[in-house]
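All chains should be built: construct the whole structure from the sequences, respecting the hints.
So you can see what is in the structure, the chains are spelled out below.
There are 2 protein chains.
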Amino acid sequence: MTLLEYLAEKAGLYGSLETRTSEIAEFLKTSQQTVSRKLIEFEKQGLIVREITGRGVTLRFADAGRKLLEGKFQLLSSVFKGGAAVSGKLTTGLGEGAYYVDQEGYQKQFLSKLGFKAYPGTLNLSIEESEFAKVIGREKVIIEGFDGKERSFGGLTCYKALLNKQEVAIAVPDRTAHSGDTLEIIAPVNLRKKFTLSDGDGVEVNPL
Amino acid sequence: MTLLEYLAEKAGLYGSLETRTSEIAEFLKTSQQTVSRKLIEFEKQGLIVREITGRGVTLRFADAGRKLLEGKFQLLSSVFKGGAAVSGKLTTGLGEGAYYVDQEGYQKQFLSKLGFKAYPGTLNLSIEESEFAKVIGREKVIIEGFDGKERSFGGLTCYKALLNKQEVAIAVPDRTAHSGDTLEIIAPVNLRKKFTLSDGDGVEVNPL
DNA sequence: ATTACTAGGTTCCGAGTAA
DNA sequence: TTTACTCGGAACCTAGTAA
Numbered sequence: 001m002t003l004l005e006y007l008a009e010k011a012g013l014y015g016s017l018e019t020r021t022s023e024i025a026e027f028l029k030t031s032q033q034t035v036s037r038k039l040i041e042f043e044k045q046g047l048i049v050r051e052i053t054g055r056g057v058t059l060r061f062a063d064a065g066r067k068l069l070e071g072k073f074q075l076l077s078s079v080f081k082g083g084a085a086v087s088g089k090l091t092t093g094l095g096e097g098a099y100y101v102d103q104e105g106y107q108k109q110f111l112s113k114l115g116f117k118a119y120p121g122t123l124n125l126s127i128e129e130s131e132f133a134k135v136i137g138r139e140k141v142i143i144e145g146f147d148g149k150e151r152s153f154g155g156l157t158c159y160k161a162l163l164n165k166q167e168v169a170i171a172v173p174d175r176t177a178h179s180g181d182t183l184e185i186i187a188p189v190n191l192r193k194k195f196t197l198s199d200g201d202g203v204e205v206n207p208l
Numbered sequence: 001m002t003l004l005e006y007l008a009e010k011a012g013l014y015g016s017l018e019t020r021t022s023e024i025a026e027f028l029k030t031s032q033q034t035v036s037r038k039l040i041e042f043e044k045q046g047l048i049v050r051e052i053t054g055r056g057v058t059l060r061f062a063d064a065g066r067k068l069l070e071g072k073f074q075l076l077s078s079v080f081k082g083g084a085a086v087s088g089k090l091t092t093g094l095g096e097g098a099y100y101v102d103q104e105g106y107q108k109q110f111l112s113k114l115g116f117k118a119y120p121g122t123l124n125l126s127i128e129e130s131e132f133a134k135v136i137g138r139e140k141v142i143i144e145g146f147d148g149k150e151r152s153f154g155g156l157t158c159y160k161a162l163l164n165k166q167e168v169a170i171a172v173p174d175r176t177a178h179s180g181d182t183l184e185i186i187a188p189v190n191l192r193k194k195f196t197l198s199d200g201d202g203v204e205v206n207p208l
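Chain order of the listed sequences is A and B. With this note's numbering applied, the first sequence corresponds to residues 1 to 208, in that order. With this note's numbering applied, the second sequence corresponds to residues 1 to 208, in that order.
It is worth saying that the hints were derived from the structure and are not from the lab. Treat the hints with care, since some could be wrong.
Any copy will do: because identical chains look the same in the list, a pair fits if it lies in one copy or spans two.
[As the list claims (entries may be wrong)] With a straight-line cut-off of 35 angstroms between C-alpha atoms, the simulated DSBU-like cross-links for lysine-lysine are:
no.: 1; residue 1: Lys44; residue 2: Lys108
no.: 2; residue 1: Lys194; residue 2: Lys89
no.: 3; residue 1: Lys108; residue 2: Lys193
no.: 4; residue 1: Lys29; residue 2: Lys117
no.: 5; residue 1: Lys193; residue 2: Lys67
Structural data, given as structure tokens:
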């Protein structure tokens, strides 16, 4: 983490942070002197406003500093969210999909966190690994793992999405070493039936 | 712009970039040697994968590199999306708050899982029900229920948060049919005293 | 207590050039 | 053409300490 990122996290864009240079230094694992020098430098560059109080420094971003952060944010946004739709081909599911999805431990969370109870079955989408980037970085919906009668079920990270205007969710099991080339889609309805899909069909999903 | 940001923009998270070190150097206004040296260093750190072709280098991110970018993106997201502060009004507590909170069975877990022993008393925040969404989905801290001498105490789901920079936790009792329009805040200090709060005061809580 | 200057040590950079 | 090593100089860091 850089000094500016630290300030962004602690003070926010428009807030202020009252602290000591030694405290920042400890967190960033550098010296008090380096923090002091860098803050002076940032102030010279017009990135931050610095105020020395008797008991430390009070820091806030200046316009140029906010601009700089915004630039980095926009770049990363386009990297993580660029080109919305993820396209893939429908493949045969794992077979066990229905069994997993319909576990009460999952369904209760689907309802409260995603807003729907899932049709028992997943749509498996074979995608280019590079497409996966469009999913990560979106708002995550965390589905907790739980212990069933005979075995335990792992957690899922879900992402709300649309498929042909239908509300769905992309579900990524936490435990799999995220193969990266397959997406599992859950939905409140039977997607294969609703859209008469067959294996090999091209499908587009739009993360929200 | 840094070298990693350049790579992110040109190659994306999962794509690759075929170029020459001198070309990157020109863009970043540095020397070809520095780019070469830094790429080698990034590869040693497992951030990128580097391939020397006859006519230049082909670069792509490795897992650790993607993780690093994602971390920066999420930090900036929370900074720019206003941190999703939940605002509400202070209301009179249930009166019994102190009795519950100070149960040894809870306090031991508060200390180990939240990192503080709670001041005996809760702050009750009346919120718009829609604001509750900002809390759910965050990282949960599960506090188990237990049996006391005369009665049993139910489990809590807690969420770490900040209130005026003070570390606090939002505590949601598992059993209540969670009315949804009230938040209970616990903290290591007496929040009413520390911030001289009175009923009806507006208060902001920032889930972490 | 603080912040921040000085001075000396370490790291980093890039011109020249090998491979 | 490339990439990347060497090495001298520039930039950076921090211990000591002034303010």
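Verification of the hints:
1. Taking the closest pair of Cα atoms, Lys44 and Lys108 never come within 35 angstroms of each other, the shortest separation being 44 angstroms inside a single copy and 45 angstroms across copies.
2. In this homomeric assembly, Lys194 and Lys89 come within 35 angstroms of each other (Cα to Cα) only inside a single copy, at 17 angstroms, whereas the closest approach across copies is 46 angstroms.
3. Within a single copy, Lys108 and Lys193 get their C-alpha atoms as close as 24 angstroms, which meets the 35 angstroms cut-off; across copies the closest is 40 angstroms, which misses it.
4. When the C-alpha separation of Lys29 and Lys117 is checked against a cutoff of 35 angstroms, the pair qualifies only between copies, where the shortest distance is 28 angstroms, while the shortest distance within a copy is 47 angstroms.
5. In this assembly of identical chains, Lys193 and Lys67 lie within 35 angstroms of each other by CA distance neither inside one copy nor across copies; the values are 42 angstroms within and 38 angstroms between.
Hints 1 and 5, counting from the list given before, are not met by this structure.
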